[in-house]
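Participant: As you go down the protein sequences, you meet chains A and B in turn.
The numbering of the first sequence is our numbering, which starts it at 1000 and goes up by one.
The numbering of the second sequence is our numbering, which starts it at 11 and goes up by one.
Source of the hints: derived by calculation from the structure; they are not laboratory data.
Ideal Cβ placement from N, Cα and C applies to all residues, glycine included.
Any given hint could turn out to be false.
As the list claims (entries may be wrong) - To give an idea of the chain A side of the interface with chain B (calculated C-beta under 7 Å), a few residues:
#, residue
1, Arg1057
2, Gly1060
3, Thr1061
4, Ile1064
5, Leu1079
6, Glu1097
Okay, here's what each chain looks like letter by letter:
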Amino acid sequence: MQSAIEAIAAPRRRDILRLVHATELTAGAIAANFGDVSRPAISQHLRVLREAGLLRERRDGTRRIYSADPGGLDGLREFLERFWDERLETLKTEAEQEERSRRHARGNRN
Amino acid sequence: MPEATGTDAIVREVQIEASPETVFSFFTEPDKITRWLAESATVDPRPGGINHQTHPGGAESQSGPYYMRGEFVEVTPPSRVVFTWGFENEDIAVKPGESTVEVTLEPSNGGTLLRLVHRDLPASEIASHTEGWTELLARLADLVSELERGKSTD
């Protein structure tokens, strides 16, 4: 998970994932979308994404073809589970505090 | 219980030492919603009424705030509240109306057992919309890097 987080921290790598989320592209075709980025830099981005489990690579002769790896997507579910865990923990604290102050207020009135 | 549609729902249960009435108010009153879930909230807690929340964005992705544009589906104090959950932001693939959060509150041991079910997330969404999960992961990345900055300044 850590490497996936680092991998997608770079906007360029998120752009690459968007390109290949529904299709397969060669490294050259991916690079063609980024005229301002050198080919070695693109290769480096592809390597980081692959090592993070977010990108699949297959070989066709000498060509390498890339597509987004659904296996890397488990991260979102973890993210959402953690989101609700953290929020509900806060809710518990706040609701219990609210309950105590309500009881206190009632106690003062009686 | 109805079957989760398409994808596994996220299910969470938590025991809270407060009455169902108190807990319920944290889903329907803006000044309580902002104590645990959102930065600001505008709500009309009745079926068809709005449930609009603003959530803070991540520091490094320079994205956010995130505008949650939900609608109440069911409001039954103090036992059940259901609302849709989705975002107006173009970079979040969960659009308004696309997912649903169901909250059930049951008296339990002098307090409340809260059960939250978040349906229609995230597998179907993930499979077709890369933007959504990469954006969410980016926000998580921001959190992690904030934590790491905190550590390094010790």
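Participant: State for each hint whether it applies.
Facilitator: Tested hints:
Contact between A/Arg1057 and chain B, as hinted, is not supported at the beta carbon level, the nearest pair being about 19 Å apart and thus beyond 7 Å. Hint on A/Gly1060 is violated. Least Cβ distance to chain B is approximately 27 Å, over the 7 Å limit. With its C-beta approaching chain B no nearer than about 28 Å, A/Thr1061 sits outside the 7 Å limit, and its interface hint is violated. Interface hint status for A/Ile1064: violated, as the beta-carbon distance to the closest one in chain B is roughly 17 Å, over 7 Å.
The interface hint given for A/Leu1079 holds, since its Cβ lies 6 Å from the closest Cβ of chain B, which is under the 7 Å cut-off. Below 7 Å, beta-carbon pairs count as interface contacts, and A/Glu1097 has one with chain B at about 5 Å; its hint therefore holds.
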